[in-house]
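Those protein sequence lines, which keep their order, are chains A and B.
Be aware that the first sequence starts at 1, since it is given in full-length UniProt numbering, and climbs by one per residue.
Be aware that the second sequence starts at 1, since it is given in full-length UniProt numbering, and climbs by one per residue.
By construction, these hints were calculated from the structure, which means they are not laboratory data.
Owing to the predicted nature of the structure, the values given are computational and were not obtained by experimental measurement.
There's no promise every hint is true.
As the list claims (entries may be wrong) - Distance windows between CB atoms, simulated: (1) Gly234(A) / His63(B): 40 to 46 Å; (2) Asp256(B) / Arg239(A): 38 to 44 Å; (3) Gly67(A) / Ala337(B): 49 to 55 Å; (4) His63(B) / Arg311(A): 56 to 62 Å; (5) Gly234(A) / Ala362(B): 29 to 35 Å; (6) Gly67(A) / Thr247(B): 48 to 54 Å; (7) Pro19(A) / Gly67(B): 49 to 55 Å; (8) Arg311(B) / Gln268(A): 40 to 46 Å; (9) Gly67(B) / Thr207(A): 41 to 47 Å; (10) Asp318(A) / Gly298(B): 33 to 39 Å.
Said to hold, decoys possible - Where chain B lies over chain A, by a calculated footprint (3+ residues, C-beta under 8 Å): (11) 172-183; (12) 187-200; (13) 229-239; (14) 260-266.
Glycine included, C-beta positions come from ideal geometry on N, C-alpha and C.
Protein chains: 2
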Amino acid sequence: MATPRPLPTTSLQLPDPLPLDSGQVLDGVTMAYETYGTLASDRRNAILVPHALTGDQHLASEHPITGKPGWWVRMVGPGKPIDTDRFFVICANVIGSCMGSSGPAALDSDGRPWAMRFPVITIRDMVRAQVALLDVLGIERLHAVVGGSMGGMQTLSLAANFPDRADRVLAIATTARHSAQNIAFHEVGRQAIMADPNWQAGDYYGTGAAPDKGLSVARMAAHITYLSEAGLTGKFGRRFQDRPDGTAGGRSFGFDADFQVESYLRHQGLAFTDRFDANSYLYITRAMDYFDLAEEHGGRLADAFAGTRARFCVVSFDTDWLYPTSESRSLVQALNAAAAPVSFVELSAPYGHDSFLLDVPALDRVVKGFLE
Amino acid sequence: MATPRPLPTTSLQLPDPLPLDSGQVLDGVTMAYETYGTLASDRRNAILVPHALTGDQHLASEHPITGKPGWWVRMVGPGKPIDTDRFFVICANVIGSCMGSSGPAALDSDGRPWAMRFPVITIRDMVRAQVALLDVLGIERLHAVVGGSMGGMQTLSLAANFPDRADRVLAIATTARHSAQNIAFHEVGRQAIMADPNWQAGDYYGTGAAPDKGLSVARMAAHITYLSEAGLTGKFGRRFQDRPDGTAGGRSFGFDADFQVESYLRHQGLAFTDRFDANSYLYITRAMDYFDLAEEHGGRLADAFAGTRARFCVVSFDTDWLYPTSESRSLVQALNAAAAPVSFVELSAPYGHDSFLLDVPALDRVVKGFLE
Chain A
1 MATPRPLPTT
11 SLQLPDPLPL
21 DSGQVLDGVT
31 MAYETYGTLA
41 SDRRNAILVP
51 HALTGDQHLA
61 SEHPITGKPG
71 WWVRMVGPGK
81 PIDTDRFFVI
91 CANVIGSCMG
101 SSGPAALDSD
111 GRPWAMRFPV
121 ITIRDMVRAQ
131 VALLDVLGIE
141 RLHAVVGGSM
151 GGMQTLSLAA
161 NFPDRADRVL
171 AIATTARHSA
181 QNIAFHEVGR
191 QAIMADPNWQ
201 AGDYYGTGAA
211 PDKGLSVARM
221 AAHITYLSEA
231 GLTGKFGRRF
241 QDRPDGTAGG
251 RSFGFDADFQ
261 VESYLRHQGL
271 AFTDRFDANS
281 YLYITRAMDY
291 FDLAEEHGGR
301 LADAFAGTRA
311 RFCVVSFDTD
321 WLYPTSESRS
331 LVQALNAAAA
341 PVSFVELSAP
351 YGHDSFLLDV
361 PALDRVVKGF
371 LE
Chain B
1 MATPRPLPTT
11 SLQLPDPLPL
21 DSGQVLDGVT
31 MAYETYGTLA
41 SDRRNAILVP
51 HALTGDQHLA
61 SEHPITGKPG
71 WWVRMVGPGK
81 PIDTDRFFVI
91 CANVIGSCMG
101 SSGPAALDSD
111 GRPWAMRFPV
121 ITIRDMVRAQ
131 VALLDVLGIE
141 RLHAVVGGSM
151 GGMQTLSLAA
161 NFPDRADRVL
171 AIATTARHSA
181 QNIAFHEVGR
191 QAIMADPNWQ
201 AGDYYGTGAA
211 PDKGLSVARM
221 AAHITYLSEA
231 GLTGKFGRRF
241 QDRPDGTAGG
251 RSFGFDADFQ
261 VESYLRHQGL
271 AFTDRFDANS
281 YLYITRAMDY
291 FDLAEEHGGR
301 LADAFAGTRA
311 RFCVVSFDTD
321 WLYPTSESRS
331 LVQALNAAAA
341 PVSFVELSAP
351 YGHDSFLLDV
361 PALDRVVKGF
371 LE
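The following block holds chain A by itself, in its conformation from the complex:
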């Protein structure tokens, strides 16, 4: 994505400067967001759904670049587990991202893209911006905050740092801190991007050439971590691709994609570059790596939730090796230690980390039940 395009989305400028964990202050923050359903007159039916690393505000509506349905359209809509006939659902593009909110691809006050002049942000900074958006929208208290993966980090961060803002907190396939292995995979992605000569220290906007090759490699590496080994085997195994002429494939004794899994990964990498900005990938992975909710609160995770009065629900998936169930258990123990009401469920699903986005009817039931 060499040059960000104007996109059809709702956005507004936050009235106040946004203080950041780095000590910097971000002025004139733009928040791009979508809403679904109708805000009740008492303003008590709002649900905030923070998105994941490469997600965006198009939760339940067509993506303006890819034309694909919203990323959680199976979960959010009329009569669905997050029922837009009952709830007013808000999804905002996180700061640092590239779908309309302030980030490296957006223009600074001098009219030039921020690029690497954009301040390094944290998960808490993303949440601060969303809480400021809620203030503008006049929503004092959420019925619930619901998020998976990095959305789950934001969900937990909101509960910890703004304990009066949500009645229910639903954290799915997530963690209270990024592990060494998580950081390592992100660092591979960042190095792939920064190794691309088109990256040009981040100043590639308007050059007509973006570091798409590096971004594509970053996406490929990350994508493997989103799937389970068994899921990959079930979906692709060692099956060869058919040849272009339709005949059965096999070893080409070359470096084309012989295996279906190679072709799939290459496609995932390339398609990603159409809709995502490489600098945003750097900034958001950095924010995730910095995330350590215990460290933010004196080193004890339970203390992060000392002030909460919310009800919690924590969901993990048995095949998720990116944020395995053990991470969710630690979180639940901390919530127990903080005497917060919490329910916990490990769901069985074959898709690995991506299970939270896919067809797992048991998750639908958990979400629906928790929001009652």
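Based on these hints, arrange chain B on the given structure of chain A.
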């Protein structure tokens, strides 16, 4: 590694052309190898140790580029589990690699580097070349063949395709076929290399610029798969690096390596480019991805071992997620079905796949006992 240097190693040219699985024939194959110990007069005390993806023939002697000790010096030497006071140990650089044997960095008969004109090879081709080397050395029957990781694949391939050449077969931390996830990680590495503009379709020799950035990213991604999540956490956790001035580190709110694990991975990637050729990385990963011993033998793994009279020992590590114990179990079941004598042990070690190279005394005992 932009230009291969002449290296101090033993080498010879195979007398006969080498037929390859691709149907091509490789003439004038050079095999670079090292030997340790003395060949007995009856020539029955030889042990072949095929090396892993990024290994080489410097099994138990100093590496000529890095100056580091041999990669298995803890296992091979006088009085060690592979005892060079008793055994004559041979380790040959695999074809396709870059430490003196024929490969893309070596010169073709026209005096130019092969580069991508080098034929795509398989694990079986690597083994054919090593068996041809044994013929030259006058070794008809090995006391044992012993290998870990890709060395284990060669070990199994030798047992399957040359059943009269080894009395004992010891396969460590390996698999009889590369999984979809294994292929996926390799494909990320290959794409990282080929995305590097210095790669120039493989014709970078003598240009003074090699695709070191791409190769470094490939190595970083692969390196994560060699370690266990718990091992990474134990070794690095979320610890920050000290700053250059010696003060305690922390979040820099930038993109330098703040975490120790980032710095470690970057170093692993960079150091690798000093000693390894990017094209060799492409060729050898391809050979590994193509490896499927069952498919080679009509689709049933047991049939691969129908003609064997060797004794087998299979070793896996409980924290190896690259080639997990389940892969070894499938192999052992096939050997049982082929009525081959086999012992199997899963060892507990914290280091993940790399356990076979590291300080695991239980492995020493297994190796020593099996070679008696």
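Status of each hint after checking the structure:
The hinted window of 40 to 46 Å between glycine 234(A) and histidine 63(B) holds, with their beta carbons roughly 41 Å apart. One distance hint, 38 to 44 Å for the beta-carbon pair aspartate 256(B) and arginine 239(A), holds here, with the actual separation near 42 Å. Range check, glycine 67(A) to alanine 337(B): Cβ separation about 51 Å, and the 49 to 55 Å hint holds. The hint said 56 to 62 Å for the Cβ distance between histidine 63(B) and arginine 311(A), and at roughly 59 Å that hint holds.
Between glycine 234(A) and alanine 362(B) the Cβ separation comes to about 34 Å, which falls inside the hinted range of 29 to 35 Å. Taken as a hint, the range 48 to 54 Å holds for the pair glycine 67(A) and threonine 247(B), whose Cβ atoms sit roughly 51 Å apart. Range check, proline 19(A) to glycine 67(B): Cβ separation about 51 Å, and the 49 to 55 Å hint holds. In this structure the hint that arginine 311(B) and glutamine 268(A) lie 40 to 46 Å apart at CB holds, the actual value being about 45 Å.
Between glycine 67(B) and threonine 207(A) the Cβ separation comes to about 43 Å, which falls inside the hinted range of 41 to 47 Å. About 35 Å separates the C-beta atoms of aspartate 318(A) and glycine 298(B), a value consistent with the hinted range of 33 to 39 Å. With 6 residues having a beta carbon nearer than 8 Å to a beta carbon of chain B, the region 172-183 of chain A meets the requirement of three or more and the stated coverage holds. Counting residues of the region 187-200 of chain A whose CB lies closer than 8 Å to any CB of chain B gives 9, so the stated coverage by that chain holds, three being the minimum.
Only when three residues or more bring their CB closer than 8 Å to a CB of chain B does the claim for the region 229-239 of chain A stand; here the count is 7, and the claim holds. As drawn, the region 260-266 of chain A meets chain B at 4 residues by the rule of a beta-carbon pair under 8 Å; at three or more, the given contact holds.
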